[in-house]
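A.B. asks: Take a look at the letters that make up each chain.
2 protein chains.
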Amino acid sequence: MRRKSFEHAACPVARSLDVLGDWWTLLIVRNALHGATRFTDFQQNLGMAKNILSARLQQLVSDGVFETRPSPERADRQEYHLTDKGRRLQVVLLALRQWGEDHLFAEGEEMTELVDKESGEAPARLEVISKEGRPLGPDGLEVRTGARRLPAKHRRSSGLARQPEPKE
Amino acid sequence: MRRKSFEHAACPVARSLDVLGDWWTLLIVRNALHGATRFTDFQQNLGMAKNILSARLQQLVSDGVFETRPSPERADRQEYHLTDKGRRLQVVLLALRQWGEDHLFAEGEEMTELVDKESGEAPARLEVISKEGRPLGPDGLEVRTGARRLPAKHRRSSGLARQPEPKE
Numbered sequence: 001m002r003r004k005s006f007e008h009a010a011c012p013v014a015r016s017l018d019v020l021g022d023w024w025t026l027l028i029v030r031n032a033l034h035g036a037t038r039f040t041d042f043q044q045n046l047g048m049a050k051n052i053l054s055a056r057l058q059q060l061v062s063d064g065v066f067e068t069r070p071s072p073e074r075a076d077r078q079e080y081h082l083t084d085k086g087r088r089l090q091v092v093l094l095a096l097r098q099w100g101e102d103h104l105f106a107e108g109e110e111m112t113e114l115v116d117k118e119s120g121e122a123p124a125r126l127e128v129i130s131k132e133g134r135p136l137g138p139d140g141l142e143v144r145t146g147a148r149r150l151p152a153k154h155r156r157s158s159g160l161a162r163q164p165e166p167k168e
Numbered sequence: 001m002r003r004k005s006f007e008h009a010a011c012p013v014a015r016s017l018d019v020l021g022d023w024w025t026l027l028i029v030r031n032a033l034h035g036a037t038r039f040t041d042f043q044q045n046l047g048m049a050k051n052i053l054s055a056r057l058q059q060l061v062s063d064g065v066f067e068t069r070p071s072p073e074r075a076d077r078q079e080y081h082l083t084d085k086g087r088r089l090q091v092v093l094l095a096l097r098q099w100g101e102d103h104l105f106a107e108g109e110e111m112t113e114l115v116d117k118e119s120g121e122a123p124a125r126l127e128v129i130s131k132e133g134r135p136l137g138p139d140g141l142e143v144r145t146g147a148r149r150l151p152a153k154h155r156r157s158s159g160l161a162r163q164p165e166p167k168e
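Here the protein sequences come in this chain order: A and B. Using this note's numbering, you'd call the opening residue of the first sequence number 1 and step up by one each time. Using this note's numbering, you'd call the opening residue of the second sequence number 1 and step up by one each time.
Isolated chain A (complex conformation) (with noise of 0.2 Å):
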């Protein structure tokens, strides 16, 4: 089926699916950010064909998401490396996970787990909640059209504003 693109949509959600619509892209995230860097890596992990893993790296490198840089061990290789904005999909595999512990699993079944290397322990769970904290279902929350993006510490401080203070 020839996918309709939503490049230039309104909705930041549509973009973003647009970008990781296809359901190789965030799995090959997901070990990048587990690690992988090395085409073979990608390849033997996920059992992807060798040609749809390559378009898909291209993509993603051409969307800003992976950037190439040369193997320490081979000149004529290359690796692929998470970007910052491939990095932030962090919170996007976060949720997923979430959401597939919670839902897709029977009782007893086994499963990989995600833990902060420090703790031994899960990460916090994501929570769509008010910057006062305040938890937020659908019915809390409304759409508004023609808003404009602004300049990015702008929507950063504003976004951050509440957040827990980290304890180093």
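Hints in this document: simulated from the structure, not taken from any laboratory. Among the hints, erroneous ones may be present.
To be verified - Result set (DSS-like, lysine-lysine): computed pairs, CA atoms no more than 25 Å apart in a straight line: (1) B:Lys117 / B:Lys85; (2) B:Lys50 / A:Lys131; (3) A:Lys85 / A:Lys131; (4) B:Lys131 / A:Lys117; (5) B:Lys131 / A:Lys131; (6) A:Lys85 / A:Lys117; (7) B:Lys50 / B:Lys117.
Could you slot chain B onto chain A? The hints should help.
C.D. replies: The following block gives chain B in isolation, referenced to the frame of chain A:
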């Protein structure tokens, strides 16, 4: 391309993508979170071919993401309502939205905005943090194999232990 099934994968991300991997699926869920219930609402908003929409909705009902109810207006028609499992995809959509807002719009470009009805503000930013609030980058996390899914109440209570208290 025929897709490989990850229905029985041990990785919760892979299982979630097995259910959600079709790029239309999360847009259907997005519209349902914003109140769409009728076939024609989804069809008109998404501009999807009717046969594809019908197949996707049937699959989502069989996956327990939607349930059907008779239409209050016309008993021979049915409406599609998100189940609790389906509503919990809200956090996945918010993660996709925030990534899209940050990375896929040029400054000043028009975008839809998701706001808390009460305050008119965007929801708090989703962040990957430890239960103590420490930011966790990809290098701070590792995947372990061989865990077993625990009964829901255990997972949920431990996962929520350090979330901000709701202020009502």
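A.B. asks: Would you mind marking each hint as holding or not holding in the structure?
C.D. replies: Taking the hints in turn, this is what the structure says about them:
1. As the CA atoms of Lys117 of chain B and Lys85 of chain B are separated by approximately 23 Å, the hinted pair is consistent with the 25 Å bound.
2. Using a Cα cut-off of 25 Å, the hinted pair Lys50 of chain B and Lys131 of chain A is violated, with the two alpha carbons roughly 39 Å apart.
3. Between Lys85 of chain A and Lys131 of chain A, the direct Cα distance comes to roughly 24 Å. Compliance with the 25 Å bound is thereby established for this hinted pair.
4. Using a Cα cut-off of 25 Å, the hinted pair Lys131 of chain B and Lys117 of chain A holds, with the two alpha carbons roughly 13 Å apart.
5. Of the pairs offered as hints, the one joining Lys131 of chain B and Lys131 of chain A holds, with about 18 Å between alpha carbons and a cut-off of 25 Å not exceeded.
6. For the given pair, Lys85 of chain A sits about 23 Å from Lys117 of chain A by alpha-carbon distance, which is consistent with the 25 Å threshold.
7. For the hint pairing Lys50 of chain B with Lys117 of chain B, the CA-to-CA distance comes to about 33 Å; that exceeds 25 Å, so the pair is violated.
Of the numbered hints stated above, those contradicted by the structure are hints 2 and 7, listed in ascending order.
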